Each structure stands twice: as C-alpha cells, then as structure tokens.
Amino acid sequence: MELGVCYYPEQWPQAWWEDDAQRMVQMGIRYVRIAEFAWSRIEPRPGHFEWSWLDQAIETLHAAGLKVVMCTPTATPPKWLVDSDPTMLAVDASGQPRKFGSRRHYCFSSQSYRAQSARISLAVAERYGKHPAVAAWQTDNEYGCHLTVLSYSDAAQQAFRAWLQKRYGTVDALNTAWGNVFWSQEYASFDEIDAPVGTVTEANPAHRLDYRRFASDEVVAFNRIQTDILRAHSPGRDITHNFMGFFTEFDHHDVSQDLDVATHDSYPLGFTQDFFLSPDEKRRYARTGHPDIPAFHHDLYRGMCKGRWWVMEQQPGPVNWAQWNPAPLDGIVRLWTWQAFAHGAEVVSYFRWRQAPFAQEQMHAGLNRPDRTIDQGGLEATQVAQELKDLGANMPLAPMRTAQTAIVFDYPSIWMAQIQPQGADFNAMEITFRAYSALRAMGLDVDMVSSKADLSAYRMVVLPAHMREDAHLAKRLAESQAQVVLGPRSGAKNQALAFAAGMPPGAFAPLAGLQVQRVESLPPGVHDLVQWANGATSSNTHWREDVASQGATALASFADGKPAVLRNGNSWYSAGWPDAEGWNQLLGQVAQAAGLVTHTLPTDVRITRNGDCLFVQNFSSSPVEFSPSNSAHCLLGARELAPQGLAIWKLQASA
Amino acid sequence: MELGVCYYPEQWPQAWWEDDAQRMVQMGIRYVRIAEFAWSRIEPRPGHFEWSWLDQAIETLHAAGLKVVMCTPTATPPKWLVDSDPTMLAVDASGQPRKFGSRRHYCFSSQSYRAQSARISLAVAERYGKHPAVAAWQTDNEYGCHLTVLSYSDAAQQAFRAWLQKRYGTVDALNTAWGNVFWSQEYASFDEIDAPVGTVTEANPAHRLDYRRFASDEVVAFNRIQTDILRAHSPGRDITHNFMGFFTEFDHHDVSQDLDVATHDSYPLGFTQDFFLSPDEKRRYARTGHPDIPAFHHDLYRGMCKGRWWVMEQQPGPVNWAQWNPAPLDGIVRLWTWQAFAHGAEVVSYFRWRQAPFAQEQMHAGLNRPDRTIDQGGLEATQVAQELKDLGANMPLAPMRTAQTAIVFDYPSIWMAQIQPQGADFNAMEITFRAYSALRAMGLDVDMVSSKADLSAYRMVVLPAHMREDAHLAKRLAESQAQVVLGPRSGAKNQALAFAAGMPPGAFAPLAGLQVQRVESLPPGVHDLVQWANGATSSNTHWREDVASQGATALASFADGKPAVLRNGNSWYSAGWPDAEGWNQLLGQVAQAAGLVTHTLPTDVRITRNGDCLFVQNFSSSPVEFSPSNSAHCLLGARELAPQGLAIWKLQASA
Amino acid sequence: MELGVCYYPEQWPQAWWEDDAQRMVQMGIRYVRIAEFAWSRIEPRPGHFEWSWLDQAIETLHAAGLKVVMCTPTATPPKWLVDSDPTMLAVDASGQPRKFGSRRHYCFSSQSYRAQSARISLAVAERYGKHPAVAAWQTDNEYGCHLTVLSYSDAAQQAFRAWLQKRYGTVDALNTAWGNVFWSQEYASFDEIDAPVGTVTEANPAHRLDYRRFASDEVVAFNRIQTDILRAHSPGRDITHNFMGFFTEFDHHDVSQDLDVATHDSYPLGFTQDFFLSPDEKRRYARTGHPDIPAFHHDLYRGMCKGRWWVMEQQPGPVNWAQWNPAPLDGIVRLWTWQAFAHGAEVVSYFRWRQAPFAQEQMHAGLNRPDRTIDQGGLEATQVAQELKDLGANMPLAPMRTAQTAIVFDYPSIWMAQIQPQGADFNAMEITFRAYSALRAMGLDVDMVSSKADLSAYRMVVLPAHMREDAHLAKRLAESQAQVVLGPRSGAKNQALAFAAGMPPGAFAPLAGLQVQRVESLPPGVHDLVQWANGATSSNTHWREDVASQGATALASFADGKPAVLRNGNSWYSAGWPDAEGWNQLLGQVAQAAGLVTHTLPTDVRITRNGDCLFVQNFSSSPVEFSPSNSAHCLLGARELAPQGLAIWKLQASA
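First to last, the sequence lines map onto chains A, B and C.
So the first sequence is numbered by numbering that gives the first Met the number 0: it starts at 0 and just counts up by one.
So the second sequence is numbered by numbering that gives the first Met the number 0: it starts at 0 and just counts up by one.
So the third sequence is numbered by numbering that gives the first Met the number 0: it starts at 0 and just counts up by one.
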C-alpha cells in the first residue's frame, strides 16, 4: 500500500522540481508517473531528441528517493509528426480526419503511426529502461478516451477486411454468419465490405459487432508493440496501462493479457455525473460520488492481472470534464484512498501533483493549487500516508484479495447490448452495476472476473448481462458448486449476435431450466409489480421476458402470474430488470442458499473485507454506527463513523 | 375477409417450406407475400438470374392452395449493383451518399436506378406475371421508410430544376410565387436553383415546399414505371404498395392513383412509442397501442383506392424498431385483426410468418418463433381464422364500408405545417389524429378522404389541418348539406405557402364567416380557458387565433372574451387547438346539428359499424359492458367484454 | 423621442407607396429605414444598377416629410454575386460552405467579399449620401445573426494566422501564452495553426478564445470599411448598426467605436422564449416578455455611443423565429415603446410597416396586416405618437440619461465563460441578467458600461461576470468612491484564458480582500442554503467557491460555515450563484451602503428615472398602485395602473 502521484515537470520551472520532490516525500508519496504527454518536448523536431530536461527530472526524483512510473508518450503525437503523414489521423464516422489540437487523434490501424509509436517507445525505453529509479511503465494513456477506438480510415477498413477474412475464411461463411440473405445484404468478396457507418437505417448488427471486435483487437495489437519493446529494454519493471472507468470500447481483459499490473483512473464525482445514474442520484451523490462506483472499478481491474492493480489517477478535488463538476466533501479523498486499499490496490496515485494554470485541464484540481499551496486533496493524502505509517504491520492484508462472490463481466456482451439495446435505456453496464451495488449493500465482497476465469472457488457467481452465449462457461458453471444468477438476456445471442442455437438462454438453458419465448422493453413509467413467494414485493422496469419453465420453479411472479424469477437447483434466473428491492430479494435469497453471511448496513455504508481486516466506509451524510463483532479489534476509527468516516477492524482470523 | 402472411423462403432451409405451407393452411392463411427483399438471391451476379429456388417456393405455396402476393425487390438493390454505378445512391442533406448495408439506399431521381428498377421488375413480371398462384403484386416496400424520399443528389437537383421550369414556366414567375424579392433571393435562371439545404437560416418556405412536392412526384413516377410493367405482364392481378403508418414524406393519394388496392403496415405499439403521444399515453397504451392508431390508418387507406384496402403487415408481437418495444397483451392481435375487418379490410396479412434469428430484424416477432414453434400471434391468427369460418355468411358486411362523417386529409397541408410550424410542437398529423380520436370516442364512423373526394354524401366533414387554400374544395363544401368543421390555420396558405389571397382562412372565409387577424403559438404550460355557451369549459393549448367575425357567431370564448369557436350556418371554426374536452364539445355539437347519433362509450372502448354489423372493441384494461340496442343480435362475444375483448352484433337493417 | 418604422418598398406595388407614406405620417412616424436587403433589386445583374425604383421610393417618403435611414445591403449578397466567386461564402465547422437561399451567407474574412461590400456601399452612398431625406445610415443588418461570425474558410484561417502573429510576435510566445506544453500541443510556426474545430476533445481554450477575438475583430474591420465610405460620402448623417439582443459573438463595444448611434432590435417575446429563462418564466412572461429583457438591452446599448441609441426594430406583434411565438397582450407594445423612451431612446422604430405575405418572415407581424389594415401594433404606435404630442414640453427628460448604478459588461469575459463553463448551465449572460433584474426590481436605474468606461460618477458598480482579469479596471474601482460588487469567477482568468496571476480573483484580489481556493459547479437540484448575518436565508445553485479571506468579512455563510458573501470595505464578493432572494439581499445591502434609495415595488412593476421624470411600468397581470412621492405630479396615467399600464410622473427637480 503506497501512494503515488502524476507529475509534469515539463509544465513547471525547473527551479521548482527539487522542492516538488521534497514535498512529495514529505507527503508520503512513493511513486511518480511522468512523461505520458511529453513527446513534443522529448522530440521537438523530427529525429531531434531533447533528453537533458527529462534526465534531470528523473534524477531529481531519484535523488529524493522516489520511484518513477515512466510512460510512452504516444497519446499525443506532435504537430510536426501528424503533418508528416496525415494518414496517421483517425477518421470519424462522417469521413472527416480528426484534427490536431487536443489528444488521441491517431488511428490505431495506421501502420505509419504504429511505426512511429514503436520508434518513440524504443527511444524512451532504451534511454530509461534500466534506470534504477524507473520502477514501472505505462503504455500510452487511457486508450479509448473521447471515443477514439473506432476509426473509419482507409487503413482501418483495409485491416477490417483482412480481419474478416481471417475470422471467416470465405465470404460465404460471413454471409451465413451475418444472415446477409436478409435485405439482400450479401457480399461476393471481402473487398466489398466497408465499415458499418452511413447506412440508411442501422447496419447489420453482426457487421457492427465484428467492427467492434476488430477495433478492440487493433488496440490490443497497438499496445503489444509497445509492451514487447518495453519488456526487451526494461527488464524487471512492471508494465501497465491506465484504463478509464466505465469505458467499454475495447476489451480490457484482452489488453491486460500483455500487462503485469492493471491500473485504472478513478473519478467518482465525474463518473457520477456523466453516466447512467438517475437525476436524483446525481444530486444525492454529487459531492461523494456513488459509493459503489470506485469499488466496482477496483473489483473489475483486480480481475485483470492476477489480482495486481493500482489506481493510477485518483480524483483529488473537482475535475473539469464532467457535465457538472462539484467539489468532493472534505474527507472523501481520504475515504476513496482507503477504499482502494481495502479492495486490494498496491498503489493509489493521485492525478495530479499540482493543478495546471493553463490549457484544457486548468480547472482540474491537483494535490496542490497552481500557486504551489497545498490543496484539500494534498492534506488528505498526507493524512492517509501518516495513517498507513501508523498502522504498519498491524494491517494483516491478504497479498491478493479474493471474494466468495463473483460477477462475470464480458466486454463482447456489453457491445452486443449497445448494438442491440431493443429499448432505448437498456444499458448492460447499468444492470451490471445495479447487481453489483445490491451485493455491496448487503455487505458482500465481489470479484469481477472474465468469462474465462477460474470460477471453482466461488460460492456465488452472478452474470447480470452475459448476452453472449458461452458453452464453455455454461459447462464450468454447471460443474461448480456455486449458486449461479443469470440476468435477463443471458446467453441470448451467438458469437455473430444472432439468436443463440435453440432459443435464449442458449447454452445456459440446461442450467437455467427454462426457455425465453418472448421479450419486451418497457417505456418509462411502465412498472410491473413483482410478487415474491415470501410475501415481499418489488417492481420491474426496462425489460421483461416470458419464459417457459423446463424444470425451473418460480420464486416471484408478475401480476399476471407469469414467472419473474425462477430457480433451477443452484441456478437462478431473473426474467426482467429488477429494482433495488428486487435485486435485494433475489441476491439475498441466493446468498442464503450459498451460505454467505449478509449484513443490514446503514444506508450508503459499505464494508470491505481484505485478509483479516474489515474496512467500514460511511458515504452517507449522517453519522452512523457499525461494528463487525465483539471479538473484532478497531485499528483505526471507531464504532461511530462521522460522514465520510472510516473504520478499520481487525477480525479474528477465523471470522 | 382473409388472412395473409409475409414469408421469406430464402431465409429458411428449403426442407422447411412444405411444412411451412401446410401450417399456413392449417392456420387459415390464404395469402403469402414473398420476395420483396430477394434481389441478391434472384440475381446474385449482374445478369445472372437464379429462378429455380423462387420457382420452387411458389410451387410449394401453390400446391398447398395458397395465393401469392409477389413483389418487385427494388427496396434493396444488391451490392454489385450499386457498385456498378454509385450515382444510384441517395445523397443526404450533408452531401454524403448513403452507404450500402441496410435498405432503401437508392435515389428516386436516379435515371440509372430507374432503369435497373424497370429491368428487374420486368424480369420478375415476365416470369411470374401469369402464374396461377400469383394473385397480386406489391411494388417495392414502404416508400419513404427511414426518411428516404428526400435525396440531394445531382440527379435530384437537376430533376428539381426541370420540375420547377415545368411548374412555373419562367423564373420570374417563380421569383414572384416564392416572394424572392425578400432577402434578395431572386434567381436569374432555373439553373441557379439548388435544393433547399445548407442555408444559414431556414430556406424560403416556398422553396422547401416545392422540393417536398417534387420529391413526392418522383416517388409517384418511380412507382408508375413498375405498375406499367406489371399491368402489361400480369393481367388481372391487383397491384398494391404497402404504405407505412404516420408517414407523410410523399403524397399517398397520388401514388394510389396507380394502384388497385391500398395496403398499409400496421404496428400499433411501435407507432404509439415513436410518434406524438404524450409520455402518459405512451405508458398507458404501451401494450395495447392507442385504440385509434390502427383505425386512423384503416380509414385513411380505405380512402385511397375506391375503398379497397388491406393490412399488408400486421404487428404480431413485439417489434424491434421503436424506442421501446413492449409486448402486446394476449388477445390484442386478435382484436387488431378484427378491428381491421370491421373497418373494411379485404385481407389482414401478418408480418411475418417466422421471426428471423439473424440480422436487423431478429428482435421482430412473427407468428412463429425462430425455433419453429407457434408464438402468441400465431395462436390469435388461428383463432380469428376459426371465428371467420364459424361466422361465415352471418356477417352481412358491406362490400365497401362508408361512413357519414369524413375527415379531409391533405398531404400538402401536412408538409406546409411541417415547414412552417410557427410553434415547436404544432403537428398537423397530431391535430388531425386528435379530431379523429374525438369522433371515434363518441362512436362515430369516419372516412378519411382526399380533398378531391366526392363529399356529397356526408353529413359532417372535418378539416382539422387543411392549411392549403383550396377554392374548389371550399365550393363543394359550401354546396354540400354537410356540417363543416374547420380547424385552426385552415386555408391560411396559398399553393406557394404564402398568405392566402385576402387573409386566412382564404378561400374558406365565405364558408367560415370570419377573418383570422392574428395567430400565436403557445409555449408549454400556457393553457387558455375556453368557456362554452352551454356552460362547459375546456382548455386551449399550442395555438390560438384572433378572428374577426364576418357573420359567424361565437359558441365558445377565451377568458378575455375573444371567440374560441364560431359557427356560421353549417360551418364551424376552431380558433385554436382544443384539448380532448374541447374537441368533444365541438364535434358533439356538430354531430347533433348533423343529425348523427353519438354514444357515451366506456373509456377506451370503440365501436365500428360495417354494413349491418357493429363491432365493439375493448382496448381498456377493465371489463366493460356495451350493447347497441335491444333488437341487435350478438354474433360473437357478448354484452360483457373482458379487456381486449370483442363483440360483433348484427343490427337490424334499418338501425 | 420619435417613432420610426422599417419599410420595404420593393416588396409592394409602387401604387401603394404614397398611401403608405401618408399613413405613416398620420400614425406619427418620423423615420423610415429602407433597403437593407435590396441588393438584388439595386443591382439585378453584375454592374447593372436599377436606381429608379429606389429614387422614387425615397422621393415619396421625402415628399411626405419623412426622414430616411438608408442601409448598405450587404447582409444579402445576391445569387449572381456569390456564384461569381464562391470563396465569398462562409464555411461551417464541418468544412461545408454555407449555401445561398437565406441571408448572412458571406464570410467576414473574404477579401473578395470585402471588396464587393465596399463597392456596393460606395454606390449607394454616392447616390443618396447627400439626399436631404437621408438622415442616417445603417451598415449591413444584425451582424452575427444565425451564428455567422465564426467562419472556417481558408480566408479566415489565413487571416487568423496573421492575426496571431501580430498578437504574439513569435510562435514561442504563443506556445507559452496558450500553455501548449500541455498535451504536446506546441507549434513550430504560425503556419501550422488551424481554426480550433474538429479536434477529438475540446481544443485549447486559449486557442478558442483567440479565434473568438479574431472573428470579432474581423466584424469590426468589415464594418469600418463601410463606415469610412459613408462618412466620406454622406457628411453629417449619423451612422449606426442594428445590434441584436443577447448576441455575444462579437464585441459590440468595439464595433460601436465606429458608429455615431447604437441601435438594437428589441423582441421581448422572442427573447423570452429562446434564451435562458426557466420553463416557468417562459410560460409566465409568454405574452409580455420578461420586464427586464428590453430594459437590459436599452441600458446596454446606451453605454455604447456616448448615450445615443435607438431601438431600430421594435417587436409589434407575434414573430416567426422563436421556438414559440405568442402574441403580445394588448397595450404591451405601447408599454415597450414608452419603456424605451424612459431609458433614453432617441427613436423607437417598429419592425415592420406591414407584414409580408411571403417568404421566410411571413409569420412576423407588422404595424399593418398583409391586407393593408392596421394591426394592434399600429394602433398602439398611433397612441404613443399622440401621447408624445400631448405631453410635449412637459417631459423634462435628460438629453442623456445616466444612473448612479453601473453594471460592467465585458464581451471577452462572456466568451471565456462560454468556452469554459465548467458546469453545463453556467451562463455569464444569465448571471449578468439576474443581477440586473434584481437591481431593477428594487427600483434602481442602471447603466451598462464597458470595462473602459469612466466609472467615477457611480455610487455602485456591479461586475456580475467579469471573468477576465483587468488590472486597469481594478485600479479605477479601487480609486472610486463606489461600492463594488464582484460576482463569482471575477478576474479568474488572464487574457489567454489561463489562471490569473496569483490566484482568482487575480487583479481584483486586493479589492475583494480574498483568494478563491476552489470552485465547483453544481448539478441541477443541488441547493446550498445561505444564511445571512441579518437572519435572512437564500439559496445558492449552479456555482460555488471556497474563498480564503484576506481581510474580507463574511456577510452570509453556507450551511457548512464557509463564507458565501464577503465584504472588504467598499467591495463585496459573491462566492456563488445567488437566487433572486440572494441577489436581493446582497444588492439591497450594497445600495444601502451606497446611499441609494430602493423601493419595494409590486411584482413585475418597474420604475425608470429619466431626467426629472419617473416612468412606472406594470408588466404584471394584475392592477397595481404606485406613486413616487406626494410632491410628484402625474403627467400620464395615474397612481392606479391596469395590467400593461404606464404612468409618467414629473418629480421635483431635487427628488
């Protein structure tokens, strides 16, 4: 458990660097990420490298005892570079090349840019790869930010055709897989196939899904060129990439295969404003963020690289990029930091050391203000560092935190739902989040894992939105001892986004013991009452399915008597989109069946188990009380928690 | 009264075809529409025709005793065709050619595509025109779907100039008609005139209206090429086109001049979600559709081809294309089917036989599920077929249903209001629908007719939104015995969308006995109270007019004493946009004056008279009771109707 | 105090002109604006001028004793002209040239169009510059209407580079000012810099601000070419331009430097519907307009040309261009006209004499209807003219009205907030308007002045949204005796839209006695309670700042105890966005400190002092009573005012 920070020496007078480094050390910072946007300073003219400033910056940090996370600067190719070959630029859906003047303007499919990316990565790796201060590498920055994965350049379309040929072999196979007999969409050759944009009405969903898959693979390939270079020239250093929250444009599991550590950028307030939360939630959580947004990402990225993960960018104050940018309440930056450690972070690195007074992100707070005074985020980081130091060996954390409950998260399934929502507000990320949040609200720890993960150790496995049919996964679930929860649309589609063989839930049908015979999306305001066998009631919105039992038993029914939730042995199926109470009922009953202990927590309080420690987090605006058991020992905080308060308890090892 | 179905043999294994045909017959299906999207299978390569599969499909249907509705496949030109001459593609408002990969990507004005359309139509007509199974032809599919009537190709702009020259003769005449002296918009030659897009602020409304008219005429011309071929090569068969509901991009009356039968595609749930209904109505009617949406279209298309009309595509279950796609309640597909027969349909044909498991419409239900099992829609079609058989000769329906009340529906008036709404929510289709719905809620049958129709037999004629001045119509109305109801903006504009001569209501002024001196559109929340002479009150929204009486008498007044509704002999004028109660008051008083018997029906119950039968339809969620008179005899159902219930009564011939 | 009207002889039969002129005189009209859109009639073919009709029109007006406001017709270059050189056309953000067919399609940066503009201006000036009827000139028409200031043509981008070179000297200076080290945005040459459009995410705010500045300067330069010609060829005539309300695309103060009289176009109902008012305000003020919208503009434009200003276009009835276009209540056109005179207008000129029956503005009312009958606006203009005549010398108005309270209005600050709102609803124009409205609601008169104005005579100076740091202004404010009110974000940015030196409020910090340490934008629904020292409470929304006092004292605090409003001697600072009660508290206390007398006015009643007259205006829907003092003498109206009522009181000179 270490703290880090993102630092831009090139943006400040060199005279400040040593003082900055000293103050970082005093604050308890250990890691400093640098240089991910510095290409124009590293290579101001073609082939002319200016290393001296960067050498000096690294030496200054090194001299202070700080560790450096070095970056490849490929997210911001400089003006002279893109002018040298404009085919490097990504092309938008209307056919316009992206223009220079912000960032991420390159096309992942440009072979020309891939060569430049390799050239600069090699240059940086050769110079600093074996420097004793360099502890880790970050490739590029936030792949996919600003919706930049999908490019419609000639290079991308050419590469797409080759990708299709490799996937399908013959164009007839493609025509069959895509169902191109529909609407006379048949192709005679791969050369006829363009990117699925500009059509009169929606392009074939299979076409769109394959373009998404292809584009994701291009990110993987682009990244691998850099990781290969870094491994060769910087042995022993961890390689990471900083993923961005709620981004689904490419498969993060795939990119992670080439990384040692997964890192993510955690902006709880920005995510609360810009994503799917209701207006009431956006208001209520404006200054704390929804308590489960950071945790959701922590648990997701913990599932990427064998449990190794960091927060690379932790929100330290107001940001600039959300629709609205409120300020975190005092104490919440500390709470976020501890929340990350509770969920197993190795490092929490704040973005950024000092707020820039100029350019696009001048309204993004740092640990320090532009006038070099410490800001609230800096004060709270200092507090965390001190607390970490004080607690020391008393914190018996597991090296790799694991839970008894897993959610299976599948990027292709997310893409499928985005391409074919069927109702304007069917959001696979949201339903996954709602299931996760319900588990967290009852005090359960959750692992978010890929469909290929080993599931044998879990007692409960939840697939909130696994639209993609997956016979291998179904087999492993059937063989496991876990209670398995399937959300609506599970297994509904095959790999080409056509109906699963048989009918939904396809390969999951034997597990679920039912067949889905009809689905409907529900406009706002349509609330179907759900009556539970135990007398509880909940409400169903967004989506509903008519299912025919093939062995499953109804646990809850809609008002017309049709089953809303069914159980088939260890398998549970939700034939709709539950509200919070619906998830609570369903997952509560599943937890009981799985032998998991749940808790009745105060509103907006969360608990996280890590090793033999329990972290109690109060995200509410009221003081609350919570203690785990009489035998537990409080390491930090107390039974009473103020708003934004934290307590750490040491449990008996057997607890 | 027959049932039909849309079938795509090319999408299924040939081994299934015979079973499909047998099951259609068992279900009571008589007509099978085929091949409207099959071009890539009929002509997979340029000039290479593959007839054998289609021959076989038709033979299979024929052998089972089914009738075929054959189609021209021009809605989906295949890839090789558009690649051979990309000028066939429509061009969007930003100047981009539409891309291949969905449907309707062609430009109506492309002479090149017209030649191809004629070539393939001729080929199909020559091969199947005299086949004994072929009972009818459908041209293309849903002209205008996905907003495809307006194209901005060079071909379209060239044709527009020629069209203008023909309409105006000289450019001076055009300048005068359009008022081009305004803003120095004068042209020196027809060659200078482009399509009205891309201007800084709105283009001249006259310019826009003429482009709409031109584009509509292009659809008519395109269609006529096909109907001429089909008439020549398939004598004795009905020719139709399947119009789509709520579409107004071209003049359906004009296209119908070249058809024998008008058919339309009826999707009550999709239309309820995607059109102008309020959020509350979208919620309330989510699973039944608004009861008057199907009827509105039935009555509209009955007015196209001398009373001959079909439903070509009847929604059988959830669809895929609306913002939200709920499932019809059990029984409502049966009710929709009977509602169509009540309104005079010759055939109700379901879309589609079996849900496709792939491509764009895989989430669109059919009568059967993708796994070949029968779906709810199939069960209800079976029930209707049995009921039709059971009723047999007991149903004394008129060969061509007619009503005593007419609504005049005028496409150019709709275009005028779309071009010049004057208030963001002034929707001429909506006000027409609201007037229609008020008439239906009081139990009146309605004919929807064009402005050229013979109106002499009606007792009541309503023009809810006839913005276009029409001296000929005014004359016929004045000469008729009918009570005439004029909505706001009636006759306000001349043929060039300029002020009608004199002032509004222009040619209708003598009839209405008033002059409109000022109009205003009203922002949301502005509700003007309307006080009726009989003591009732209603509310006015959206639109209001200040009128000076020239003989008319106020029947209702706004709070400031200005007239809201006026009567001048047999003519009634609404100086605003009434709410439901306002329409009920106005049309109720008119009906009384016309000697029409109205009914107080339970909420969401509708009655339809056809010949000597009365069809009672319960669209509400409650059981209701209704019977027409003591002397009526119930042929089907009963006085008590469950939700989605239907009763058919035989009235005394004199009733 | 004279009335005027806008007239288009070219749109009417010549036979009507003389009658029109006579009726104008009878109505009390003195000024007639003509010819601003008449280029295609003045020069129907290249180089071929048709003067006779215009000669005749002017003679007709002259003969009737009317004065002419002549215009350059450059807002609508005719078709033959733009076809002769399409580089005259503006280019939109997607790179498409604007198309002919409406107005304002030219590019301000086109040297080719500038030459044409000079040529036609010279031709008109030479012909009519010394005509005795010509009293004034208007250049072009409504610069910026339809968002036409920003063009992305090659000409504009070339000119931008030259403009940047002039501003910064070296590209290194530009890189430093813009902070281009951020995201490797550094340029090696001015030639590399494009317009800030089409980037992946937002372009550098400094880049965007400079493009806004550049584009504004292009308008100034374009206008100056015309004013130079007019001054040379039409000596002794006033030159004006008609600015449009709420437009901020260019700096109106800068353009006004070249004018003798500022005029503006006042459309209270259209502005109420189309700008930032709440849905409830749009409903409430639908038919009167918000009472402070006209006054805000009157006071703004009075500050442009040494107090000389007109209303060039006064809304006379419903218009056509707002989202909704309600009709003014009877009496409100009279009230608007008197309101303008109360605020110091020399002339109020109605748009337009007669409603056009054709083209884009056919739904825009005039003083007369299309059928030549007088409309309500004409009746009210007649009434005003009679009242002016009756009052005659009894109206002791000041030649140039001045107030004791000033608002500083700064276009570059508005641009800064538009580029960097930081919260989706932070609107600098709105907060300025809310402050203005609060002052007006307490009966204070307000001057709106530029940041360069002489502030020495004011007792109270309010800077609601002066984001731009301004050391010179700060110095003058510090030296003045005035109470100074600073809104949130005051002085937060330097000239390149980077952080002000030190921290916000930058140069205003010594005045305010505080430092802003953190800011936040607040999503809808977040309302922070503000507790005032005097016991009052108000609510804060939209924006909030954490400030550290450097001498200032808190007058009001947020619920967490942090200061909401601070006072430092004569300086007052709002650390947030107050609601109406918050503004009322703050500005009421400031007024008291300034020794200004405030009034408790009935809701929606406004009073305006001009010379020794007090104008009482009732914009509410209720009758009210108000009288200034026992010694005042009522010149018009009475103590009791009906809705839309007006009273004019003569105060004692010392009052």
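The hints are simulated quantities; they were obtained by calculation from the structure and are not laboratory data.
Computed from a prediction, not measured in an experiment: that's the story for all the values here.
Where is the CB? At the ideal position from N, CA and C, for every residue including glycine.
Heads up, some of the hints might be wrong.
As the list claims (entries may be wrong) - Distance ranges between label pairs, derived from CB positions:
| hint | chain 1 | residue 1 | chain 2 | residue 2 | range |
| --- | --- | --- | --- | --- | --- |
| 1 | B | Ala-456 | C | Val-24 | 33 to 39 Å |
| 2 | A | Pro-523 | C | His-471 | 53 to 59 Å |
| 3 | B | Asp-279 | C | Ser-620 | 27 to 33 Å |
| 4 | A | Thr-200 | B | Glu-125 | 53 to 59 Å |
| 5 | A | Asp-273 | B | Ala-423 | 24 to 30 Å |
| 6 | A | Asp-273 | B | Gln-25 | 54 to 60 Å |
| 7 | B | Ala-423 | C | Pro-43 | 52 to 58 Å |
| 8 | A | Pro-523 | C | Pro-509 | 33 to 39 Å |
| 9 | C | Glu-191 | A | Asp-273 | 30 to 36 Å |
| 10 | C | Thr-86 | A | Asp-227 | 48 to 54 Å |
Unchecked claim - No farther apart than 25 Å at their CA atoms in a straight line, the calculated lysine to any residue pairs in the SDA-like style are these:
| hint | chain 1 | residue 1 | chain 2 | residue 2 |
| --- | --- | --- | --- | --- |
| 11 | B | Lys-78 | A | Lys-98 |
| 12 | B | Lys-78 | A | His-61 |
| 13 | C | Lys-78 | B | Met-502 |
| 14 | C | Lys-78 | B | Ser-188 |
| 15 | A | Lys-561 | B | Arg-286 |
| 16 | A | Lys-305 | A | Asp-453 |
| 17 | C | Lys-305 | C | Leu-378 |
| 18 | A | Lys-78 | C | Pro-398 |
| 19 | B | Lys-561 | C | Val-148 |
| 20 | C | Lys-561 | A | Lys-165 |
| 21 | B | Lys-561 | B | Met-502 |
| 22 | A | Lys-98 | C | Ala-176 |
| 23 | A | Lys-129 | A | Arg-40 |
| 24 | B | Lys-129 | B | His-61 |
| 25 | A | Lys-98 | B | Gly-94 |
| 26 | B | Lys-561 | C | Ala-592 |
| 27 | A | Lys-78 | C | Ala-161 |
| 28 | A | Lys-78 | C | His-145 |
| 29 | C | Lys-561 | A | His-61 |
| 30 | C | Lys-78 | B | Ala-63 |
| 31 | B | Lys-561 | C | Ala-176 |
| 32 | A | Lys-66 | A | Pro-234 |
| 33 | B | Lys-305 | B | Arg-371 |
| 34 | C | Lys-474 | C | Pro-398 |
| 35 | A | Lys-388 | A | His-61 |
| 36 | B | Lys-98 | C | Ala-220 |
| 37 | A | Lys-66 | A | Lys-78 |
| 38 | B | Lys-561 | C | Pro-642 |
Right, here's what the structure says about each hint:
no. : hint                                : verdict
1   : B/Ala-456 <-> C/Val-24: 33 to 39 Å  : 57 Å, violated
2   : A/Pro-523 <-> C/His-471: 53 to 59 Å : 54 Å, holds
3   : B/Asp-279 <-> C/Ser-620: 27 to 33 Å : 29 Å, holds
4   : A/Thr-200 <-> B/Glu-125: 53 to 59 Å : 31 Å, violated
5   : A/Asp-273 <-> B/Ala-423: 24 to 30 Å : 28 Å, holds
6   : A/Asp-273 <-> B/Gln-25: 54 to 60 Å  : 55 Å, holds
7   : B/Ala-423 <-> C/Pro-43: 52 to 58 Å  : 37 Å, violated
8   : A/Pro-523 <-> C/Pro-509: 33 to 39 Å : 53 Å, violated
9   : C/Glu-191 <-> A/Asp-273: 30 to 36 Å : 33 Å, holds
10  : C/Thr-86 <-> A/Asp-227: 48 to 54 Å  : 50 Å, holds
11  : B/Lys-78 <-> A/Lys-98               : 32 Å, violated
12  : B/Lys-78 <-> A/His-61               : 62 Å, violated
13  : C/Lys-78 <-> B/Met-502              : 31 Å, violated
14  : C/Lys-78 <-> B/Ser-188              : 10 Å, holds
15  : A/Lys-561 <-> B/Arg-286             : 16 Å, holds
16  : A/Lys-305 <-> A/Asp-453             : 11 Å, holds
17  : C/Lys-305 <-> C/Leu-378             : 33 Å, violated
18  : A/Lys-78 <-> C/Pro-398              : 58 Å, violated
19  : B/Lys-561 <-> C/Val-148             : 44 Å, violated
20  : C/Lys-561 <-> A/Lys-165             : 64 Å, violated
21  : B/Lys-561 <-> B/Met-502             : 19 Å, holds
22  : A/Lys-98 <-> C/Ala-176              : 21 Å, holds
23  : A/Lys-129 <-> A/Arg-40              : 21 Å, holds
24  : B/Lys-129 <-> B/His-61              : 13 Å, holds
25  : A/Lys-98 <-> B/Gly-94               : 21 Å, holds
26  : B/Lys-561 <-> C/Ala-592             : 51 Å, violated
27  : A/Lys-78 <-> C/Ala-161              : 19 Å, holds
28  : A/Lys-78 <-> C/His-145              : 33 Å, violated
29  : C/Lys-561 <-> A/His-61              : 41 Å, violated
30  : C/Lys-78 <-> B/Ala-63               : 66 Å, violated
31  : B/Lys-561 <-> C/Ala-176             : 63 Å, violated
32  : A/Lys-66 <-> A/Pro-234              : 16 Å, holds
33  : B/Lys-305 <-> B/Arg-371             : 39 Å, violated
34  : C/Lys-474 <-> C/Pro-398             : 30 Å, violated
35  : A/Lys-388 <-> A/His-61              : 22 Å, holds
36  : B/Lys-98 <-> C/Ala-220              : 44 Å, violated
37  : A/Lys-66 <-> A/Lys-78               : 31 Å, violated
38  : B/Lys-561 <-> C/Pro-642             : 18 Å, holds
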